[in-house]
Amino acid sequence: MIKGADPMPGEVKVNELALKIGTVNGTGSASANGLLRQAIFRMGIPVSGKNLFPSNIQGLPTWYEIRVNRHGHTARTRTFDLMVAMNPATYARDIKEVRSGGWVLHDSSWPLSGKLAREDVNFLGAPMAQLCVDHFQGDRVRILMKNIVYVGVLGALLDMDMEVVRALLERSFSKKKALLDSNFLAVQLGYDYAKEHFDCPLPIRLETMDENGDSILIDGNTAGALGCVYAGATFAAWYPITPSTSLVDGFSHFCERYRKDPETGDNRFLIVQAEDELAAAGMVVGAGWSGVRAFTATSGPGISLMGEFIGLAYYAEIPSVFFDIQRTGPSTGMPTRTQQGDIQSVIYASHGDTKHIALFPADPGECFYFAVTAFDVAERFQTPVFVVSDLDVGMNDWVVPRLEWDDAYRPDRGKVLSAEDLESMERFHRYLDTDGDGIAYRTLPGVHPKGAYFTRGSGHDQYGRYTEDEEGYTEVMERIARKIQNAATAIPEPVLRKAAEGRGAKLGMVALGGVDRAIVEAQEVLTEQGIEVDYLRIRAYPFHPSVREFLESHERTFVIEQNRDAQLRSLLITEVPFSGDRLPSVRRYGGLPLSATDVIEQVAEALDDSGSTATTMTGSVA
Amino acid sequence: MSWIAKPRIAHPGLPKNALGLTRRDYEGGMSTLCAGCGHDSITAAIIEAFYGLNLPPHRIVKLSGIGCSGKTPTYFLSQAHGFNGVHGRMPAIATGAVGANRELTYVGISGDGDSLSIGLGQLAHAIRRNVDLLYVIENNGVYGLTKGQFSASADVGSKAKKGAENLQPPIDPVLLGLSLGATFVARSFSGDKEQLVPLLQAGVRHRGFALIDVVSPCVTFNDHEGSTKSYIYTREHLTEVTDADFVERMPEIRASYQPGEAIDVRLHDGGMLRLRKVAEGFDPTDRDRAYAYISEGLRDGEVLTGLLHVDESALEMHSVSGTVETPLVDLPFEDLCPGSDALDALQQGFR
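Chains as they are written, first to last, in the numbering used here: chain A, 2 to 623; chain B, 14 to 364.
Think of the hints as simulated: they come from the structure by calculation, not from any bench.
There may be inaccurate statements among the hints.
Calculated cross-link-like contacts (lysine to aspartate or glutamate; reagent style DMTMM-like; alpha-carbon spacing at most 20 Å) [what the hints assert, rightly or not]:
#1 A:K261 x B:D343
#2 A:K261 x B:D354
#3 A:K261 x B:D348
#4 A:K451 x B:E116
#5 A:K97 x A:D121
#6 A:K356 x A:E479
#7 A:K451 x B:E238
#8 A:K484 x A:D413
#9 A:K261 x B:E338
#10 A:K261 x B:E347
#11 B:K172 x B:E238
#12 A:K499 x A:E479
All chains, full assembly: derive it from the sequences and hints.
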């Protein structure tokens with residue numbers, strides 16, 4: 002059983018609840034939902050908000066899921082204690098998702114069809130539309146305020162600190178008095194109605210804690226954008242694509258704030274909205290070649306288009322950073338749903354023999370730090386580096402520890418020769434491994450005549466000359482392979498979380514990226530059930546040596562991921578390499594963030610099927 | 014071996030430019046193109062142009078796509094950084110490079126396949142962005158390296174070496190450039206160095222995207238009877254509509270032009286482009302009329318050459334974007350990182 006779900010009747014649950022809000026896209030519900038999430042955060046309670054939105058501007062159904070958990074478990078849940086059903090078009094499916102004994106808050110301005118009734122769920126009707134018709138003028142305002150009314154209703158039902166709600170509204174509308182008054186009124190209307198008509202508070206309720214003093218609420222794309230600013234990136238080229246767009250929007254926003262020349266007001270950055278992802282990648286390659294820290298942000302379809310340039314950057318050894326905010330593929334797929342479907346297409350991107358360094362942040366905090374790491378690693382190893390997150394990490398607000406910055410940080414620019422270096426050299430050869438570490442020195446355009454060389458994606462030898470000779474070609478290819486492999490210990494190492502301190506479990510779990518919180522929660526529940534499973538979170542490719550050690554020291558290791566084809570598992574088999582017989586797969590990839598229940602169910606099922614931990618299991622229930 | 018170093022023996026009597034450099038200092042490796050290739054003549058004109066502009070070779074960046082044209086940057090400016098990228102994508106690389114370092118001089122060499130087929134989109138958007146780049150299309154109407162397929166610039170009725178006739182209409186880079194708002198559009202012929210050199214020089218000095226379409230016959234696959242990009246056809250149908258000379262900011266003004274006949278176009282860096290109208294009724298500063306005039310010429314099978322359009326009032330990419338004058342690559346990290354105090358302050362908003 003998951004903490005916070007299905008309490009016994011009559012039991013009061015404090016700060017352990019999951020609620021879901023079903024609304025219509027484009028009606029302003031995002032502000033109301035953000036207000037709720039932010040208020041709970043400010044009450045010091047661990048919280049997450051996940052936006053399940055359609056690829057649409059206005060009119061289609063949209064949902065917002067809020068998970069509150071005093072133990073800090075904020076992964077998605079599959080069932081909900083309370084459903085705020087504001088969209089009649091989705092009443093039927095929304096009501097089904099409420100747990101037995103749970104609540105449905107709906108707009109009683111119109112009668113609810115008897116067909117939707119459920120005996121085991123409590124229906125709470127509040128005439129939210131009618132209240133707005135009575136108190137506000139104009140259709141648009143009435144529609145917007147209806148959402149704010151449910152914040153007020155929930156405030157009473159869940160016993161929220163309404164002073165916190167009011168303070169947040171004041172911050173948002175400090176310069177718009179009329180809007181502030183409307184919002185105050187709408188909140189009060191909902192609150193008063195609930196107090197008068199319902200038995201407030203419900204047995205699921207909120208209580209102020211002190212868990213968030215050193216935390217912030219931030220989404221991964223904003224944090225990643227901030228990381229780019231702090232890393233000193235000055236050039237971005239991109240093509241709009243969900244769910245990566247907000248990363249470049251964020252970069253632009255922060256540049257406007259931090260990157261204006263104080264005297265002239267000129268930009269200390271350049272952002273180019275390219276004609277397509279191909280061009281975006283090419284611009285990043287051109288800028289990286291010229292010596293600036295350059296990046297692009299995209300999603301799976303963009304990675305497919307960028308393939309040719311990624312190969313060029315790999316072979317010509319040009320620092321470049323690519324953010325891939327994964328969404329559900331293949332093809333256009335489900336653009337507003339999450340997945341981990343690009344693991345292999347990123348690592349092996351482009352034709353020919355290529356393997357790329359990739360970083361896998363698990364939350365927005367790591368998006369910030371890994372952005373900085375990505376630029377350092379890209380310049381040090383003179384190669385494309387990928388920061389691979391997903392829609393859930395990128396676009397949803399997560400509670401993470403306050404970001405920290407060391408002012409002593411200086412960028413690792415790698416082996417770049419200065420004019421003085423070149424002046425004192427006899428001759429410069431671009432691809433000559435003079436230090437034996439697989440990394441050759443590079444030069445930037447315009448610095449010194451001796452630094453000039455001809456960069457090409459065609460066959461070249463270690464002197465940078467065009468070649469069609471086997472020996473000259475192979476020498477360079479072998480060095481690049483060595484260089485990339487050497488990066489394994491220079492990139493973020495895996496994080497080990499043992500089921501029990503002081504001893505190793507027989508079972509293991511391996512995963513990467515945004516599924517982390519679901520797995521941590523599952524691990525705790527499994528431990529309570531007597532099933533000890535150690536957990537290793539991989540944070541980068543090429544794999545750190547400790548990945549092999551972990552796999553070897555566990556009889557079986559569940560590889561947990563959000564794609565159909567068990568891409569991470571395949572990588573472990575071929576790249577560690579390791580026997581697939583000892584790597585059972587756990588997958589859920591239909592577009593929603595992973596929940597602990599997904600992990601627990603599939604692990605338990607695999608253990609039941611095998612009877613003992615010695616047999617093998619490679620299939621799974623998706 | 015496709016890379017042959019050229020012996021570097023300079024005769025002490027070789028003329029020198031204002032930097033004390035000889036033409037040799039602007040040369041590159043030996044060409045591996047076919048003997049008589051128009052592209053080699055363009056290479057020679059580029060060497061002459063940069064020599065004449067007195068630019069330090071290492072402050073120039075040369076870029077190209079893929080194809081015969083893509084190979085040519087190895088044949089000039091061996092002291093300049095070069096980038097032979099992927100097919101049709103040189104404009105993107107150039108945009109990034111110009112973005113990173115606006116102080117250098119950029120020359121991109123492309124071909125008709127590279128620019129008008131696989132790279133048409135990139136060319137169009139580099140024009141639209143007005144990236145500060147001299148962009149030369151070495152236009153021979155044919156795919157050479159893959160042995161003679163028609164390109165998108167082949168004229169209707171043009172015959173391939175094996176006799177097949179092209180029936181699809183050509184894409185004309187000059188009309189394309191004009192319709193996309195290109196700020197510098199010229200056409201020349203590889204065999205006309207006298208015209209090409211000043212056009213190249215003016216294109217370098219133009220602040221923005223300078224498009225020069227150079228008809229460059231392919232001696233192996235497209236120089237036969239029936240080809241409209243052959244030496245003979247081009248020479249017979251070539252009509253010069255403007256006679257351009259490029260005048261540097263400081264040096265002597267050549268006296269070969271009669272005042273009254275010429276139009277002076279002042280370039281941003283203070284240089285002067287002096288145009289003498291040759292054809293009646295043609296005005297290169299009037300985009301619409303230039304378009305009509307060139308269209309009519311094409312209809313009649315004429316290859317109109319010279320500077321066909323120039324607009325010095327348009328802003329290039331950095332000016333439009335408001336980028337600092339200092340090249341981004343030279344900005345110190347201290348000016349780029351907001352620091353820990355700013356981060357702490359910012360995070361108050363994330364609570």
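Results of checking the hints against the structure:
1. With a C-alpha separation of about 15 Å, the suggested pairing of K261 of chain A with D343 of chain B holds against the 20 Å cut-off.
2. Distance hint between K261 of chain A and D354 of chain B is fulfilled; the C-alpha atoms sit about 17 Å from each other, no more than 20 Å.
3. For the suggested pair K261 of chain A and D348 of chain B, the alpha carbons sit about 9 Å apart, so the restraint of at most 20 Å is met.
4. Under the criterion of a C-alpha separation no larger than 20 Å, the hint pairing K451 of chain A with E116 of chain B is consistent with the structure, at around 19 Å.
5. Proximity of K97 of chain A to D121 of chain A is assessed by CA-CA distance (about 11 Å); at most 20 Å being required, the pair is judged to hold.
6. Simply put, K356 of chain A and E479 of chain A have alpha-carbon atoms about 12 Å apart, close enough for the 20 Å limit, and the pair holds.
7. Annotation: proposed proximity of K451 of chain A to E238 of chain B is violated, straight-line Cα distance about 47 Å (limit 20 Å).
8. For the proposed pair K484 of chain A and D413 of chain A, the alpha carbon gap of about 16 Å is at most 20 Å, so the pair holds.
9. About 12 Å separates the Cα atoms of K261 of chain A and E338 of chain B, which keeps this hinted pair within 20 Å; it holds.
10. Only pairs whose Cα atoms come within 20 Å are accepted, and K261 of chain A paired with E347 of chain B is accepted, the gap being roughly 13 Å.
11. Taking the CA atoms of K172 of chain B and E238 of chain B, the gap is near 8 Å; set against the 20 Å cutoff, the hint holds.
12. With a CA separation close to 38 Å, the supplied pair K499 of chain A and E479 of chain A exceeds the 20 Å bound.
Hint check: violations occur at hints 7, 12; the rest are consistent with the structure.
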